[in-house]
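Chemist: Each chain, written out:
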Amino acid sequence: MKNPEHIYQTYIRTTPQRLWEAITSPEFTRQYFHRMRIDCDWQPGSELKFRYDDGRVGCEGTLLDCVPPRLLRYTWRFLFDQELARERPSTVTFEIEPRGENCRLRVTHNDFDADSKVFPMISEGWSEVISSLKSLLETGAALEVAGNAEASRGVA
Amino acid sequence: MERVFKALSDSTRRRILDRLFDTDSLSLGELCGGLEMSRQAVSKHLGILEVAGLVIAVRRGREKRHFLNPVPIQEIGDRWIAKYARKQTRAIAALKGALEEDSHEES
Chain A
1 MKNPEHIYQT YIRTTPQRLW EAITSPEFTR QYFHRMRIDC DWQPGSELKF RYDDGRVGCE
61 GTLLDCVPPR LLRYTWRFLF DQELARERPS TVTFEIEPRG ENCRLRVTHN DFDADSKVFP
121 MISEGWSEVI SSLKSLLETG AALEVAGNAE ASRGVA
Chain B
1 MERVFKALSD STRRRILDRL FDTDSLSLGE LCGGLEMSRQ AVSKHLGILE VAGLVIAVRR
61 GREKRHFLNP VPIQEIGDRW IAKYARKQTR AIAALKGALE EDSHEES
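In the order they appear, the protein sequences are chains A and B. In this text, residue positions in the first sequence follow the working numbering: the first is 1, and each later residue adds one. In this text, residue positions in the second sequence follow the working numbering: the first is 1, and each later residue adds one.
Just so you know, the hints here were simulated from the structure itself, not pulled from any lab data. Please note that the accuracy of each hint is not assured.
[Unchecked claim] Distance condition first, Cα-Cα at most 20 Å in a straight line; then the derived SDA-like pairs of lysine to any residue:
| hint | chain 1 | residue 1 | chain 2 | residue 2 |
| --- | --- | --- | --- | --- |
| 1 | A | Lys2 | B | Gln40 |
| 2 | B | Lys6 | B | Ala41 |
| 3 | A | Lys2 | B | Cys32 |
| 4 | B | Lys64 | B | Leu17 |
| 5 | A | Lys2 | B | Lys6 |
| 6 | A | Lys49 | A | Glu60 |
| 7 | B | Lys64 | B | Lys6 |
| 8 | B | Lys64 | B | Ala91 |
| 9 | A | Lys49 | A | Ile23 |
| 10 | B | Lys6 | A | Gln9 |
| 11 | A | Lys2 | B | Phe21 |
| 12 | A | Lys2 | B | Ala41 |
| 13 | B | Lys64 | A | Asp111 |
The structure presented is a predicted model; accordingly, all values stated were derived computationally and were not measured.
Work the whole structure out from these sequences, hints included.
Modeler: Structure below.
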């Protein structure tokens, strides 16, 4: 059986530098990523955490690759639920490629076990997050998505 | 967005998206298995879905695997559906759903 894997892709009217800033800056991620700030010293091998304003950690992982402004890869563990938090970490990869006046952003989320319970839960979440990120960069306003509110209530 | 609407306007292409929603990462051969049409026809539909960004083809080992990319549909939802699907339209849709379910049960 194949291990589950999701790929998301969009084109955003922005520069690679600005898109890189959006995926690595805590003030940016707070606006489109379930109201959590990314926290990392950007040295491969370092811990990476997504924190709410009150300090709770919603997801965490280890930084694997950091090649600004092109490639960001980290392991990812979902902490919203105690049972799900016991699953081994999966891997998230962001790839940024300039395409004329736009950037292609591809997000690959893989390295799940075949019977992962986290995997079926994340699909809708990523679509909303990426769509909101695109809106933030192109219009200056992130989208108010349902997941933002739910995730901030449901953290374990 | 024009390309996404065009890609979604064909029932075979919508079936391909449904197949990929159920089982991501299918090869062309695996996709052909569930559709009664030639490999060339399926390949052509996949091409239109790829241009629209709804399907992403990625090389995995020796094979090309196809993934559903739901982001363009999310973007259509944000731009064209959320705006119009207000409470009243949801209520009418729910009423229609309930009435049709009733008549279905009766028949």
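Chemist: If a hint holds in the structure, say so; if it does not, say that too.
Modeler: Now the hints, each set against the structure:
no.: 1; hint: Lys2(A) x Gln40(B); result: violated, 26 Å
no.: 2; hint: Lys6(B) x Ala41(B); result: holds, 17 Å
no.: 3; hint: Lys2(A) x Cys32(B); result: holds, 18 Å
no.: 4; hint: Lys64(B) x Leu17(B); result: holds, 16 Å
no.: 5; hint: Lys2(A) x Lys6(B); result: violated, 31 Å
no.: 6; hint: Lys49(A) x Glu60(A); result: holds, 4 Å
no.: 7; hint: Lys64(B) x Lys6(B); result: violated, 24 Å
no.: 8; hint: Lys64(B) x Ala91(B); result: violated, 44 Å
no.: 9; hint: Lys49(A) x Ile23(A); result: holds, 13 Å
no.: 10; hint: Lys6(B) x Gln9(A); result: holds, 19 Å
no.: 11; hint: Lys2(A) x Phe21(B); result: holds, 15 Å
no.: 12; hint: Lys2(A) x Ala41(B); result: violated, 26 Å
no.: 13; hint: Lys64(B) x Asp111(A); result: holds, 18 Å
Checked against the numbered hints given earlier, this structure breaks hints 1, 5, 7, 8 and 12; the rest are met.
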